[in-house]
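2 protein chains.
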Amino acid sequence: MYLGSWLSRLCRDLSRPIGKTTQPIWGSLSRSLSSQRIPEFSSFVARTNTCGELRSSHLGQEVTLCGWIQYRRQNTFLVLRDCHGLVQIIIPQDESAASVKKILCEAPMESVVKVSGTVISRPPGQVNPKMPTGEIEIKVKTAELLNACKKLPFEIKDFVKKTEALRLQYRYLDLRSFQMQYNLRLRSQMVMKMREYLCNLHGFVDVETPTLFKRTPGGAKEFLVPSREPGKFYSLPQSPQQFKQLLMVGGLDRYFQVARCYRDEGSRPDRQPEFTQIDIEMSFVDQTGIQRLIEGLLQYSWPDDKDPVAIPFPSMTFAEALATYGTDKPDIRFGMKIVDISDVFRNTEIRFLQDALAKPHGTVKAICVHEGAKYLRRQDVEFIREFAAHHYSQEVLPIFLNAKRNWSSPFAKFIMEEERLELTRLMEIQEEDMVILTAGEHEKACSLLGKLRLQCADLLEMRGVVLRDPALFSFLWVVDFPLFLTKEESPTELESAHHPFTAPHPSDIHLLHTEPEKVRGQHYDLVLNGNEVGGGSVRIHDAQLQRFILATLLKEDVQLLSHLLQALDYGAPPHGGIALGLDRLLCLITGAPSIRDVIAFPKSYRGHDLMSNAPDSVPLEELKPYHIQVSWPTDSEEEDASATPSKNLSS
Amino acid sequence: MYLGSWLSRLCRDLSRPIGKTTQPIWGSLSRSLSSQRIPEFSSFVARTNTCGELRSSHLGQEVTLCGWIQYRRQNTFLVLRDCHGLVQIIIPQDESAASVKKILCEAPMESVVKVSGTVISRPPGQVNPKMPTGEIEIKVKTAELLNACKKLPFEIKDFVKKTEALRLQYRYLDLRSFQMQYNLRLRSQMVMKMREYLCNLHGFVDVETPTLFKRTPGGAKEFLVPSREPGKFYSLPQSPQQFKQLLMVGGLDRYFQVARCYRDEGSRPDRQPEFTQIDIEMSFVDQTGIQRLIEGLLQYSWPDDKDPVAIPFPSMTFAEALATYGTDKPDIRFGMKIVDISDVFRNTEIRFLQDALAKPHGTVKAICVHEGAKYLRRQDVEFIREFAAHHYSQEVLPIFLNAKRNWSSPFAKFIMEEERLELTRLMEIQEEDMVILTAGEHEKACSLLGKLRLQCADLLEMRGVVLRDPALFSFLWVVDFPLFLTKEESPTELESAHHPFTAPHPSDIHLLHTEPEKVRGQHYDLVLNGNEVGGGSVRIHDAQLQRFILATLLKEDVQLLSHLLQALDYGAPPHGGIALGLDRLLCLITGAPSIRDVIAFPKSYRGHDLMSNAPDSVPLEELKPYHIQVSWPTDSEEEDASATPSKNLSS
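If you read the sequences in order, they're chains A and B.
Take the first sequence: its position 15, counting from 1, is numbered 15 in the UniProt record's numbering, and each next residue is one higher.
Take the second sequence: its position 119, counting from 1, is numbered 119 in the UniProt record's numbering, and each next residue is one higher.
The set of hints was computed from the structure by calculation and includes no laboratory data.
All figures in this text were calculated on a predicted structure; none of them were measured in a lab.
Treat the hints with care, as some may be off.
Note: identical chains are not told apart, hence a pair may lie in one copy or across any two.
[Unchecked claim] List time: in silico DSSO-like cross-link candidates among lysine-lysine, alpha-carbon distance up to 27 angstroms: (1) Lys-157 with Lys-130; (2) Lys-413 with Lys-157; (3) Lys-337 with Lys-150; (4) Lys-555 with Lys-624; (5) Lys-555 with Lys-518; (6) Lys-232 with Lys-624; (7) Lys-150 with Lys-555; (8) Lys-161 with Lys-114.
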């Protein structure tokens with residue numbers, strides 16, 4: 001009873017706005033995460049049991065437990081915590097156990113103790129049904145203080161709010177929270193299941209590839225590692241891309257690696273300088289093969305405490321994703337699709353629509369926000385219009401429908417009755433909906449409406465409408481991307497949409513020499529709830545084609561890739577692969593607000609380890625063996641830097 | 001029949017002098033490596049089967065195979081290879097299959113082809129019992145050339161000798177060899193079994209720790225990674241030591257990681273700048289707990305094609321190892337133990353023994369080389385004496401016993417009869433043995449004899465005596481190391497024998513303040529056949545003790561470790577751990593001549609990637625964001641460097 005309210009407070013913090021589908025509590029962790037044989041959590045150590053595992057079935061057993069003092073009340077009982085849960089300890093009151101009582105009553109909170117005693121029933125009326133160990137308690141015989149705890153910078157209770165900076169500075173304390181324990185254990189178990197699937201079920205070989213490598217063409221985001229040879233540097237690669245392809249040339253056939261990757265993007269919110277990807281490559285495979293493999297992988301490794309994943313995943317072309325959702329990573333948990341209503345307004349009197357449609361690729365597009373007129377407010381619409389003007393230099397036209405299907409809009413009087421009817425039909429507009437309409441070039445209009453669609457979803461959810469069920473995990477393949485993009489700064493030049501090793505779509509190969517910008521690539525992205533969680537492609541295995549694309553189309557320095565080009569000449573099998581972003585995937589599954597919450601020791605958004613203060617200064621003599629010296633910025637440069645830190649820190 | 005001799009040639013190269021216990025052949029790989037359910041090696045891809053798996057049980061089946069052309073004979077058949085083995089393909093000779101014949105006959109060796117056909121019996125008398133697929137062949141209906149192969153720099157056959165430089169330059173071709181396929185697949189499967197044991201059986205959590213970290217005290221061998229903040233550097237740590245301890249403070253309870261580690265030692269034979277360790281840490285554990293865990297881990301993950309590992313492993317104190325084997329990593333597969341024979345020679349007339357025994361810690365030690373008089377030659381003895389003189393400034397005294405038990409030695413006439421009898425008894429000397437005797441300070445004499453013991457073993461094995469059975473894997477724990485060593489360059493100062501986080505032996509704690517050099521540490525090394533394959537310790541969990549050792553005894557800059565010291569104050573549990581050197585372990589298990597043979601893409605001993613030419617020059621503008629510039633050596637420095645490359649490249 002008396003623990004009930006306390007425990008519910010402990011768990012209160014767990015209900016996060018997004019993505020928290022269940023509220024697991026201490027002690028449920030090992031049960032919910034593993035459907036297989038339960039591991040021996042107390043083998044090889046001083047305890048007989050974990051705190052969280054004791055039940056009525058253990059009554060009468062002599063147990064030894066080790067853990068942290070989580071709570072103590074009136075010197076009569078305390079609650080001991082380990083990573084498996086909480087258990088109630090009765091502090092002995094009789095004279096003969098005075099030393100045990102002294103230890104247990106005097107040890108500060110979060111001290112580490114070892115206790116031995118008997119598992120007994122709780123007295124009638126004191127059973128706590130909310131606590132997994134709530135039917136029992138421990139009658140203690142001996143106690144030992146293993147380590148006393150000094151005054152903490154914050155309490156180890158999930159409901160105690162602390163800034164992220166404080167959490168990162170004392171990460172070793174933050175890791176004691178239920179949520180971090182849950183996240184890291186789920187991560188470990190999910191990766192283990194992935195390994196079982198790949199290694200044990202499908203014969204993949206786990207190969208470790210080097211991280212001290214050579215810089216790659218265009219690898220401006222690669223960290224450098226000075227070597228002991230003057231002027232020679234290793235690079236920390238952004239992915240094992242070259243190595244995985246070389247492994248296929250080497251006949252490894254099926255490769256995977258939980259690969260550490262590095263990307264120096266300076267300060268970026270929710271990015272990490274080092275991150276992890278599930279890296280996969282197969283020989284003799286096509287796009288469908290990789291997709292079926294990944295669907296099986298995710299289904300197999302999916303956490304037991306979530307709804308199972310349905311396979312196969314739906315698939316959508318890039319063109320369709322852009323036209324319907326305004327993005328290459330649509331969140332398909334809700335509709336609000338973009339509709340092309342150009343034809344409705346061919347004869348409109350509304351000037352900005354007229355202007356747009358007069359242009360060669362002009363279109364009019366709209367989304368219908370269901371119940372938008374009911375939930376969205378004037379200031380929301382202002383925000384939307386300003387956003388469109390500021391980020392897209394686009395005008396948007398909101399139309400509200402009141403309960404009597406009257407149209408309310410600054411432009412309402414200019415919309416003709418037939419337009420109104422046609423629009424209603426096309427967009428399935430109902431009472432109290434809101435329509436947001438814009439005009440312009442196809443891609444730009446779609447992109448804007450894609451953004452507004454998400455903003456409207458945010459706004460509706462702030463008002464209590466559930467659009468995106470956090471318990472729903474909607475995977476989607478996006479395929480048929482263009483192989484090349486024109487460079488923004490120099491539109492006559494091409495760059496790879498993804499990377500230069502992506503094979504062109506077989507039916508577009510004839511366009512490579514004539515209209516390369518129209519060639520689709522055999523690239524596929526995996527999207528989960530509107531987030532890109534993976535991407536891959538069938539690779540080019542023909543050396544001549546690879547040389548043509550690198551040298552002729554992309555104007556890259558092929559010298560940097562001569563080893564790969566040569567390898568393709570020596571019997572490279574057809575191959576393809578994919579990489580899943582593990583941090584992002586776990587972040588979505590756990591509903592964590594940031595990828596930092598699924599990483600044990602993350603860097604801050606500025607790339608700092610706030611706990612150890614890395615990166616740090618280095619004595620000059622330690623630079624000497626690497627033949628480097630620091631180019632200290634001049635005063636004026638430093639001023640520039642402090643005035644615009646983001647500019648200084650990003651690439 | 002006709003394939004038999006060819007296959008035996010293919011495998012000839014596999015019989016390496018050391019450590020090759022079985023001679024697995026193509027096709028036996030998946031069978032020998034996995035006792036569990038056989039994975040689906042052909043799921044999701046264009047083939048129906050692998051080349052190596054087809055047997056008589058597949059007769060009549062329509063199959064599609066993909067692989068490399070390994071061999072072709074008289075345009076009538078070819079041998080197709082994939083990573084699972086070899087299979088014989090009958091090239092169709094009838095007119096209607098002319099296009100198939102053309103493809104299969106014209107494709108160069110090592111081209112990649114896809115064939116479809118029927119599994120048929122070989123004609124009577126043509127069954128090849130040495131080939132796993134030797135009972136069947138494939139009657140081909142269709143063939144497709146997937147990629148033609150240009151002229152190779154070397155043939156893909158294990159028996160074709162090539163320099164290691166060539167192998168590393170074309171690593172992707174070298175990986176096609178049976179031996180490299182075997183090594184990498186064994187590595188993958190063994191690590192997978194380790195993960196099962198740790199994760200699924202014993203509840204360990206796989207946690208990824210950062211590699212971009214802060215430099216550690218005395219971390220002179222750490223690579224630096226410049227950050228975008230002027231003068232600030234990350235370090236690539238030598239191990240996750242601090243993180244694993246912090247995870248214990250964070251209540252993770254049982255951590256493991258297959259961890260990438262970095263060590264910049266310049267040029268060192270058989271070392272790699274990046275390497276992998278199985279990194280483990282547990283809370284509430286003692287030395288015995290870790291040892292039993294590791295024994296179970298190795299037994300569970302041990303390859304099926306080797307003899308099982310017997311547990312528990314024997315254990316030996318550091319003092320005993322030094323006294324008996326002259327090293328802290330004894331190879332206990334053979335005897336030739338060091339015997340202290342000081343008492344035999346108390347009254348000797350031999351001058352250098354007299355002199356040695358007259359000194360305070362003087363000893364006389366010897367090893368008995370069984371059958372040494374029979375197998376070792378005069379030049380061997382000269383070599384041994386020169387080695388002792390050169391490396392240890394020590395004199396050694398060889399004594400040969402001929403078949404009639406006559407003693408032959410430059411000093412024989414000075415050895416008295418009673419000394420002779422006592423020596424024979426103590427050392428169990430037999431006919432045709434050789435005794436090597438030296439005198440001096442205990443540690444130095446043991447160390448020298450330990451080296452000579454191994455050299456004699458090498459010499460005897462060159463003469464055909466089997467001392468160290470390559471099929472035998474003798475694990476040994478070495479324990480009770482000293483906690484501190486005195487610094488060679490400054491004998492009044494102490495340094496950690498292993499690292500400063502090792503807990504002192506409980507029974508020696510009282511010596512910390514008085515005679516710290518006598519304190520033993522709770523450190524344990526795991527030795528396999530004379531090689532250190534792991535090491536670990538119970539850690540200090542008491543902040544005060546850790547501060548005392550770091551600041552007072554070791555005079556380290558505690559500021560660099562303030563986060564760890566603070567963490568110990570906040571309820572750190574008692575904890576301990578270990579790290580196994582995965583590369584070395586696999587090297588010993590596979591009997592590979594170098595750790596480079598169990599790593600997919602190793603660096604040369606000078607730290608170069610010979611395939612891609614890393615490390616490489618970097619354009620100046622790519623250094624700018626990191627605020628560094630190259631300090632080019634002056635001409636005279638460069639001359640120095642080229643004259644003594646090893647000095648220049650080592651730390």
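Cross-check of the supplied hints:
1. With identical chains, the CA atoms of Lys-157 and Lys-130 are at most 27 angstroms apart within one copy only, with a shortest distance of 17 angstroms there and 66 angstroms across copies.
2. Proximity of Lys-413 and Lys-157 under a CA criterion of 27 angstroms is satisfied in neither setting, with 58 angstroms inside one chain copy and 82 angstroms between copies.
3. Neither within a single protomer nor between protomers do Lys-337 and Lys-150 lie at most 27 angstroms apart by alpha-carbon distance, with minima of 56 angstroms and 52 angstroms respectively.
4. Taking the shortest alpha-carbon separations for Lys-555 and Lys-624, only the inter-copy value of 24 angstroms comes in at or below 27 angstroms, while the best intra-copy value is 37 angstroms.
5. Taking CA atoms no more than 27 angstroms apart as the test, Lys-555 paired with Lys-518 passes inside one copy only; the shortest distance there is 18 angstroms, against 67 angstroms between copies.
6. Proximity of Lys-232 and Lys-624 under a CA criterion of 27 angstroms is satisfied in both settings, with 14 angstroms inside one chain copy and 15 angstroms between copies.
7. Only between protomers do Lys-150 and Lys-555 lie at most 27 angstroms apart by alpha-carbon distance; the minimum there is 25 angstroms, versus 62 angstroms within a single protomer.
8. In this assembly of identical chains, the alpha carbons of Lys-161 and Lys-114 never lie at most 27 angstroms apart, being 29 angstroms within a copy and 61 angstroms across copies at closest.
This entry does not satisfy hints 2, 3, 8, going by the numbered hints stated previously.
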